[in-house]
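**Q** For the sequence shown, the working numbering begins at 98 and goes up steadily by one.
What the hints contain is simulated information worked out from the structure, not anything from laboratory work. Mixed in with the good hints, there may be bad ones.
[What the hints assert, rightly or not] Okay, derived cross-link-like pairs now, DMTMM-like style, lysine to aspartate or glutamate, Cα gap no bigger than 20 Å in a straight line:
1) 224 - 151
2) 211 - 148
3) 211 - 182
[As the list claims (entries may be wrong)] Ranges between beta-carbon positions, derived for each pair:
4) 211 - 151: 29 to 39 Å
5) 121 - 209: 31 to 41 Å
6) 151 - 216: 29 to 39 Å
Where is the CB? At the ideal position from N, CA and C, for every residue including glycine.
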Amino acid sequence: MGLSTYNGFSGRQREQVQRWLNEQWDSGELPRPSVCVACGQIEGIIDGHLENYDEPTSYVDLCVTCHLLLHMRFRRAAAWLRYRERVAAGWQAPPMHRRGQAIGELAKGILAGKYPAGVQRAAAPGKTFLDQLSTTAAPLW
98 MGLSTYNGFS GRQREQVQRW LNEQWDSGEL PRPSVCVACG QIEGIIDGHL
148 ENYDEPTSYV DLCVTCHLLL HMRFRRAAAW LRYRERVAAG WQAPPMHRRG
198 QAIGELAKGI LAGKYPAGVQ RAAAPGKTFL DQLSTTAAPL W
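With the hints as constraints, model all of the structure from the sequences given.
**A** Structure, rendered in structure tokens:
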């Protein structure tokens, strides 16, 4: 997989937990992520995000777009804050069915404030899980 250090957890630790989660999801022991807790996306790639790898069942469901932006919050704080505000106002990214597709959208648009056509939800969620995450902590990678 090649994961990097995150929140004090080594790439190796993260990969071990990810393998275990994949086994649990594949066996049906744990529910597979299905609804992004931030933007409400239900289509495309929905990941299980962990802030604490010592508690692997504490994952939160995030669409691949919200998940990738979350991991960029230390290096691209301004883009992260714009994205977070847009999601809180009810914007939902279009579903991404390939991780490379999501990375491409980030690179050519979202990081520069150019958002792909998405969906404006009827009811804006206001604060979301994304608002709980700090941008001031020093990145560990």
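**Q** Hints first: check each against the structure and report whether it holds.
**A** Results of checking the hints against the structure:
no.: 1; hint: 224 - 151; in the structure: violated, 26 Å
no.: 2; hint: 211 - 148; in the structure: violated, 28 Å
no.: 3; hint: 211 - 182; in the structure: holds, 14 Å
no.: 4; hint: 211 - 151: 29 to 39 Å; in the structure: holds, 38 Å
no.: 5; hint: 121 - 209: 31 to 41 Å; in the structure: holds, 38 Å
no.: 6; hint: 151 - 216: 29 to 39 Å; in the structure: holds, 36 Å
Taken one by one, the earlier hints fail for this structure at numbers 1, 2, listed in ascending order.
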